[in-house]
Amino acid sequence: MYGLLSATFFAVIQVVIYIGAIAILMIFAIMLTRRVKQEVGSTVNKGWWLAGVMSLVLFTALVLMFSTWSGFRTTLPEMPADVDTIKVLGTALVSPNAYVLPFEIASVLLLAALIGAIVVASEKKS
Amino acid sequence: MISLSYFLVFAAALFCIGLYGVLARKNAIAILMGIELMLNAVVINLIAFWRFRTPEMIAGQAFAVIVFAVAAAEVAVGLALFIAVYRRRNTIAADEIDLLKW
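Sequence order for the protein chains is A and B. For the record, in the first sequence the residue sitting at position 89 is 95 according to this note's numbering, with numbers rising by one throughout. For the record, in the second sequence the residue sitting at position 97 is 165 according to this note's numbering, with numbers rising by one throughout.
Keep in mind that the hints were calculated from the coordinates and are not lab data. Where a beta carbon is used, it is the ideal one built from N, C-alpha and C, also for glycine. Careful, some of the hints might be misleading.
Stated by the list, open to error - Okay, the calculated beta carbon distance ranges per label pair: (1) LEU120(A) x THR122(B): 25 to 35 Å; (2) ILE134(B) x VAL69(A): 25 to 35 Å; (3) GLY96(A) x ASN158(B): 44 to 54 Å; (4) ARG155(B) x VAL69(A): 42 to 52 Å; (5) LYS93(A) x ASP166(B): 48 to 58 Å; (6) PRO83(A) x LEU167(B): 49 to 59 Å; (7) MET71(A) x THR122(B): 17 to 27 Å; (8) VAL21(A) x ILE70(B): 20 to 30 Å; (9) PRO108(A) x ASP163(B): 29 to 39 Å.
Could you build the full structure based on these sequences and the hints that come with them?
Here it is as structure tokens:
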């Protein structure tokens, strides 16, 4: 999908993040909490059909709404020539008059989240 | 030629599958995966609108990068919470974690 949108950076980063990091985290969490599986009978709630109906209704509503919008059939515009998207993105993320502040805040947020995760998940030595 | 509609419909489908997962599944990790699907749908929408509307500006991609970072942080914290809950309560079924309910 990202490749089609000529966002090559995202095509790569998606694979790296989801296979490299999040899948590993998920596997660890599932292994650590696996023993529940045996005694739980059903894996879904009592109202699962309601959830399914709601999701389907939302999907139909979204598609119907989109189809009434005039820009729905916009075809792919030409990418501006001689622009290296990855280069522009990299420069924009660290240049002071573009997005350096959100970038730094995201970094700090990630660091805080990781430290918080370690603190929450670590065992109390008592 | 590919039009914007493909991306919008695909993202809507992804979002609704994630929504179903969040609402219907009991396992807390499955709920987290559903949230991930919904966030991915949002990112695909962001990138699609960037590509179709303002391909000469980079704001859409920068925004999507930040969304990715926030998603990763959210997953890390969520999984840590589930591990802590499992250690205390010996379950991660969302309907059995009822400490706040009486």
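Results for each hint:
no., hint, in the structure
1, LEU120(A) x THR122(B): 25 to 35 Å, "holds (33 Å)"
2, ILE134(B) x VAL69(A): 25 to 35 Å, "holds (28 Å)"
3, GLY96(A) x ASN158(B): 44 to 54 Å, "holds (47 Å)"
4, ARG155(B) x VAL69(A): 42 to 52 Å, "holds (44 Å)"
5, LYS93(A) x ASP166(B): 48 to 58 Å, "holds (52 Å)"
6, PRO83(A) x LEU167(B): 49 to 59 Å, "holds (53 Å)"
7, MET71(A) x THR122(B): 17 to 27 Å, "holds (22 Å)"
8, VAL21(A) x ILE70(B): 20 to 30 Å, "holds (21 Å)"
9, PRO108(A) x ASP163(B): 29 to 39 Å, "holds (38 Å)"
Every hint from the earlier list agrees with this structure, and none is contradicted.
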